[in-house]
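Undergrad: Given chain A's structure and the hints, the job is docking chain B onto it.
If you're matching them up, the sequences are chains A and B in order.
Position one of the first sequence corresponds to residue 0 (numbering that gives the first Met the number 0), numbered consecutively onward.
Position one of the second sequence corresponds to residue 0 (numbering that gives the first Met the number 0), numbered consecutively onward.
A couple of the hints might just be wrong.
[Stated by the list, open to error] Okay, the calculated bits of chain A under chain B, using three or more residues with CB under 8 Å as the criterion:
#1 4-12
#2 22-36
#3 111-125
#4 196-205
#5 235-247
[To be verified] Estimated spans, in silico, between C-beta atoms of each pair:
#6 P179/A <-> E515/B: 35 to 41 Å
#7 H94/A <-> E515/B: 46 to 52 Å
#8 K231/B <-> P239/A: 25 to 31 Å
#9 D157/B <-> P179/A: 40 to 46 Å
#10 G127/B <-> P239/A: 40 to 46 Å
Quick caveat, the hints were computed from the structure, so don't treat them as lab data.
Predicted model, so just to flag it, every value in this text is computed and none were measured.
All residues carry an ideal CB built from backbone N, CA and C; glycine is no exception.
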Amino acid sequence: MANWVLKGVRTGIRTTSYPGRPEHAPGVTPGRPLGASFESSDQAESLVERCPTGAIGRNDDGVSVDQRRCVHCSRCRRGDGARAPWESSYEWAAHHDDGAEPAQRLQRIFGRSLHIRFVDAGACGACVSEARQINNPYYNMHRLGFFMTPTPRNADVLMVSGPVSDAMRLPLRKTYEAMPEPKRVVAIGACAIFGGVFGSTFAVSGGAAEILPVDIVVPGCPPPPLAILHALLLVVERKPPSPLTSLPPGHVTEPA
Amino acid sequence: MAMLDSTVKNRSRAEGVPELSSRAWKGRVAATFDHDTQSCRIQCSGVDLVDMCQWLGEELGFVFATLIVDERSGGLSLSYIFYKDADTPWVYVDVALDANAIAAPSMSGLVHGPSFDWHEREAEDLFGLTFEGHPRLGEFVLHEDWPEGVNPMRGSFDATQKVSLRAPDPSWEPPTIVTAPGAFAMPIGPVFSDFAESAQFRLETVGEDVIRTIPRFFYKYRGVEKIAEGQKVDRALLLAERFSGISAFAHGLAFCQAIETICGIETPPRALALRTVFAELERLRHHTAVIAGICNSTALAVATSQAGLIEEDLLRLSCEVAQHRYLFGLVEPGGLCRDISDEGCDHLAEAVAQVATGLRALHQMLRYSSSFLDRLEEVGIVSAENALSYGLVGAIARASGVARDIRKLFPYAAYGSTKFVTPVEQEGDGYARLRVFFHEAEQSAAVMRHFLLSMPGGPVSAGRTSWRAGAALGTVEAPQGAAFHWLRLNEDGAVMRYRIRPPSFANWHGFHLAAENFAFQDFPIILASFGLSNAECDR
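Isolated chain A, as found in the complex:
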């Protein structure tokens, strides 16, 4: 066993310094498209046409991006026609009702520590894998006071991924009901937000909000581990939310 200890010590500390300092290592995030202005409306139209989920919409001569609906297919940054500008950010989490403050402030109650119950409600496995990575030494959520719990009775946060398949509706609701108040629901990924490529059909509900009161959404397909950490930091009010709609430059969000 001594050689394992030695191996661990030799490896040293690999953990990111986020949220203290931003993480710039290549490949930590796939990035996402941004709103843009174009000289001709044809260019904007070509982007709108290429977007398979309707995330890109017309905004005057340019386009704006509804980040909740983006499934990272990259079709807007490749191929013929105009290309959407791309940002390599990862702080993507926001309140479900864009801009709305939670009714009850939780920081006092939770301190900085959260216990999290994760429920896979029909996810493809990529969101599950990315959520698992926050336990990886690179991200190490424990240093931030975040812990997984196997039982909903001890959980403060319910993390949901997937479009909520029919068979998972009841287990999901039961898990939520078993959690003590106060509690927060974090929907991870495009599927949990609006159903993603699976939509709303006979087999899936089209998002966790159809079943539960969702507090925080993390856009992405899948959102990278740092975006999931950002969501947890948002729950304990250590980080501000990020806007869910990316507008063309020069446009400003109207105050809510």
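TA: Just chain B, lined up with the frame of chain A:
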């Protein structure tokens, strides 16, 4: 059986199945050879179906790939697809049912019956077909709250409609097998563990030892095959990639290969080489994740961290070269959407060599950790006999001595132009599976380096092509094993019928074989050593 090869001009490969002309089958079946797809189609009546499948499996050594149920104007048709090796064509046994007929014979009595079992149960749920002689139909894909008589894969069913599920019956209890004084069933799931996918396992026990495990899947059924119907190829590709995120590239590739066969698209050599590189990158990352899972299940914290670091390194590497950590949005019919620069190839080759060194060091340390090996050796054994009759695939089958590998049997992408070893172990226990995962990961790194250091030039995509109506099968060795995507297109490039046989569908069926007569604490280890995906199985 003169029609078998009468229309075939090119005789470079064995045509049809010559044994079909034997006396036993004279006058009973009609066979044709389709040169485009290198397959032999046998028209069979329902009466002869069981005999034919038995003969193909037990006498000729064919392996059952998948059952395709298709609904045409005349009624339902069933195609049983078989394969053997590179020198033998694929065999499709076709049975056309009469209009409104919903009964077909079950294969459950055959030696290879278990490999048909789940296909029949699925078709019963989704199409309303009855398989006569099957011991256990119903409540499979669709759980007990789904209304009776509603079959979502039938053409008359509208996929956008919501189905009102029945209220759960509080008196309902799952069937149990073990009847002994004090026997009880301990349910695990569908919500369990830290980051587990949703599935349920009922462990039947009389105290300390678990006697049987009865798994229940399809909690994650998203109706992918149904919602793909009527969608254009570019839209259906999103589904092919995203129904199983951890093997997205392999499934996207199988989907695109089916389209390329239908439309006669020639993929350029550089695209074929790069597809091989990305497919192996995905396999390398998948196997590393499974190894991390196995270490985690035995609570070996440092080893879990080491494997986890390598996994995240590979995710970041994927993102650097392909702009997506799980290789989404990369493959397209006719090639790839994105090229890698020469510097990118060099960088990837170097990084992969480092990953291989790291994995080798980890394997070496694990081999000498006796407390770790104690948890894996002789735990969760699948015999070679069972692996064959259940039609298990991938690393699970290879750990039990069944050396089938689609990359070798039917080389696709650029696998035909490189040498690699398919690792095989005989014991069929958890440790054998771990060794196969390690060896395959090492082979993946070697294959990647081979192509990255001698990458052919030219374009990475065949460009736009016109659609053709037709049907074809796309076959790949996904990280978990053989995957079959059968697709029927119309002339506008819309998907008319899509059938996926993912490797996890075959392997989850064999999971209960490994989870018998074990101690409670071994369950997470047996589960981890299979390294399977529920999203992939449930679709």
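Undergrad: For every hint, state whether the structure bears it out.
TA: Hints and how they fare:
no. : hint                          : verdict
1   : 4-12                          : holds (count 4)
2   : 22-36                         : holds (count 7)
3   : 111-125                       : holds (count 10)
4   : 196-205                       : holds (count 8)
5   : 235-247                       : violated (count 0)
6   : P179/A <-> E515/B: 35 to 41 Å : holds (39 Å)
7   : H94/A <-> E515/B: 46 to 52 Å  : holds (49 Å)
8   : K231/B <-> P239/A: 25 to 31 Å : violated (40 Å)
9   : D157/B <-> P179/A: 40 to 46 Å : holds (41 Å)
10  : G127/B <-> P239/A: 40 to 46 Å : violated (53 Å)
Hint compliance for this structure: hints 5, 8, 10 are not met, and every other hint is.
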